Amino acid sequence: MEEKVGELWHRLITRLAQDRYPQAAVCLTELDKTLGILFRALGGDGGLRLETAGATHHHARRGLLQRIAGSATKIELAWRDEHALRLPEVIDLFPQQSLNRDLYFWLAALASGEQGRVEPWLEKNQRLTRETLRRYPGMAGRYQRLLKAHLSQRPDPARLRPDEAAQEAAIRQALANPGAVSHLAPARHAPWPVPLWLHPSPPWVSQAGSDSAEPENASAGEAQNLSHERSRRGERTEMPEAERGLVTIRMENILSWGEFAKVDRGAEENEDLDQAVEAAEQMEQFNVTRDGKSVASKLRFDLDLPSDACDDEVLSEGLLLPEWDWKRQVMQEAHCRVMTLQAADAQPMELPARLNRTAKRLRAQFQQLMPARLWRRGQADGSEVDLDAYLRFATERGSGQLTNADNLYLDLRTGARDLSCLLLADLSLSTDSWVDNHHRVIDVIRDSLYLFSESLSATGDRFALYGFSSRKRNPLRFHQIKSFDEAYSARTRGRIQAIKPGYYTRMGAAVRHAHRLLDRQPAQRRLLLLVSDGKPNDLDKYEGRYGVEDTRHAIHEVRKAGIQPFCVTIDERGNDYLPYLFGSGGYVVIRKPQELPRKLPLLYARLTRE
Amino acid sequence: MMNKSVTAPARELDEALPFYKPQAREVELFEYGYRHQLPVLIKGPTGCGKTRFINYMAARLGRPVYTVACHDDLSAVDLVGRHLIGDSGTYWSDGPLTRAVREGAICYLDEVVEARKDTTVVLHPLTDDRRILPLERTGEILKAPPEFMLVVSYNPGYQNLLKGMKPSTRQRFVAVRFDFPAPELECEILVGESGIDGETAQRLVRLANAMRALKDHDLEEAASTRLLVYAATLILGGYEPVEACRAALVEPLTDDTETASALMEVVHASLGR
Ligand SMILES: Nc1ncnc2c1ncn2[C@@H]1O[C@H](COP(=O)(O)OP(=O)(O)OP(=O)(O)O)[C@@H](O)[C@H]1O
Ligand SMILES: [Mg+2]
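Chains as they are written, first to last, in our numbering: chain X, 36 to 645; chain W, 1088 to 1360.
Mixed in with the good hints, there may be bad ones.
Derived pair list, reagent style DSBU-like, types lysine-lysine, alpha-carbon separation capped at 35 Å [to be verified]: (1) X:595 <-> W:1302; (2) W:1204 <-> X:634; (3) W:1302 <-> X:68; (4) X:595 <-> W:1108.
Worth flagging that the hints you see were computed from the coordinates, not collected in a lab.
As the structure is a computational prediction, the values presented were derived from the model and not from experiment.
This is chain X alone, in the form it adopts within the complex (with noise of 0.2 Å):
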């Protein structure tokens, strides 16, 4: 009776112990932009996006309480993989907010060191740490408050079965001196979950199924329940050809789960498992794992999108473009279709009385801004001496040879630049979304094309307008607004009124393609300036990595050929990619989309002033 008693008080000291502690919690979105830098300067792959963890099942030994309230099976855990960083989303595990804070510090260094190597997970966590440490000193003060705040939350192994109590010292002395253990010898449950490694085997599991990874630590009946719950979480397998694996769900089972997923069912290993349960399950983990976006409105978007648009004239299709695979690391030519389009019915018009005032005002600063005023020397006429020229004469003539007095003045010109601008700007599907209770995206992008252009007929530099949206590969559908040839004009304002949200955002083939067109101007200096509202995405693989990759290509061989690439956005996530894509002064992000249309005129004076 006592024994039982005294099982009981345990299990309840457990699970106060594990409570959570709210009042202290730390989020990673108040971090992520500083974990982000000390993750890459660190050594980690500029390239992952850091995301939030979803919920892990971990398989030890639940006490009673929650067993019965079905709570705490579940932890977020961290791990990376190919594309992301994975931390937690909330921290909250010790009482103290530094040391809450210190963990994703922690967790963000080791992951830093992890090269994607297969190997068992105890092995590994032990090795990140010698290592961190190692390379690292000054975490070592950070590891030592952790690791005694985190040893007083585990199970007393004085109080657990002998196997058990076996494996918990294992972990213990592990986690006290990394690289001591070897082995973890089976017990009936998995250990108790540590927060401070990485996830021992993170949901995503290679297609050729190389299970050698599988951690040790679980005993035979726990290990087929692993490879069930592996299996299970199969759908984080790379997509095996890119045009599998859209929405295959049953349209009532979207509706009724209220989101759905891009899983890609074609290696689904699992069939008699229950659709529905398993629906549900990853709806679990998508929901916190793919990129914060609700797939709600990507739901929206596929059954939304605009009838194949008759109002525009092809102007060209048929150019291809190639697009780059940074997981083979080449180039594909001939990937992408681009049909150059144009709207057919726009009607003439003049600009909306409410930008008139301010238009005017930017004209005004632009005049006066722009064509930098030059003293031109050695002029036939100016108005002032040009006293070199001036010493020279006078020499000349002292020493006796014969010379002309022309060309001795000084005159201030304003010299028209040298200059091309092509503004290319986003217009898929998500300019449809609303920024305030009057505007959508698409609205705070037409009246930027309109200002915009309104400034830059005030100077001489030539300029372009157009607009992209694509539908995979196929067409990349690429709208003329402008072209460098044409004079801004009452047409042109009415193809800007005309600009409406298309389709998806395959920025490589959209900056490739403006890059074409940039090549072929003559001037000393050219600009080429994207304004986006989001991430390079698409219906195919687009999506993630593979986009971000082939864009940031893109760029790359946009600015090697001289040409300067700049991007202004308002999509607030855009410090997690746009340093990547356009380094750090290559970019701003509009914090409040309305003030968009104000900004991109003085954007552009200040790019482009010197």
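Once you've looked at the hints, dock chain W with the ligands against the given chain X.
Structure of chain W with the ligands alone, referenced to chain X:
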């Protein structure tokens, strides 16, 4: 592992030579260039030792150096020379380039891409096999002696991509690329330059390399050897190490407070708190 007694005597041996640790075979290349009258182009990020290298080579070869820091207002006249007004009318005054040619010295144009392209064409007759400098204004044509050497440098960061050099200018030089020294070497440089202990030098170098990994993504510029020397100097002077790194490595590289605080985390990780 880095040990001061190894580097210090070397310095004492050639008291006249500036302290310089070769990165690769640049010393040899420079000497070949000098002996065979080839102009040399040095490219590399800021603060990686370009200027130091040239001063070292000049001392080694026993030639004076005329250094011109180029900027976009620099005109050919500033290089070649001009007439000035004196007591008795005007007189001609040699510019640094002309003086170097006359004396058989090394003329060093730092950050040459900053100069306008029409300025650098005055270098053309000097940098092909003619090796002459015509002084249009005095009618003189100077023939460069064998000891004259032209060296230019620039930083090929992408901010400079737009400026670039005219191919016809560029293709008149043998070129060598500098980068930040390898970690071991950079430690030796720190030790030799500032006198700091080897272990601190190692930590500083590791920190710098961590920060260099952020170039282009989070930072526009990589932490230079020069800044590392500054940090080492502050620390050696008794300044608190973490704060020294803030002052010499973090704040000079970013104005963004969030980035700065992230960099401070990297500093803490590398140096300890
Ligand atoms: N190889 C080296 N040997 C000795 N000292 C070095 C070396 N490399 C760099 N340094 C140190 O770095 C400092 C900066 O180097 P230096 O002034 O030559 O840079 P730089 O390449 O000319 O930079 P910038 O492009 O900004 O002019 C030097 O003062 C010296 O202390
Ligand atoms: Mg220098």
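Against the structure, the hints come out as follows:
1. With a C-alpha separation of about 17 Å, the suggested pairing of residue 595 of chain X with residue 1302 of chain W holds against the 35 Å cut-off.
2. Under the criterion of a C-alpha separation no larger than 35 Å, the hint pairing residue 1204 of chain W with residue 634 of chain X is consistent with the structure, at around 33 Å.
3. Taking the CA atoms of residue 1302 of chain W and residue 68 of chain X, the gap is near 15 Å; set against the 35 Å cutoff, the hint holds.
4. Distance restraint check for residue 595 of chain X and residue 1108 of chain W: the Cα-Cα separation of roughly 33 Å lies within the 35 Å cut-off, and the hinted pair is therefore satisfied.
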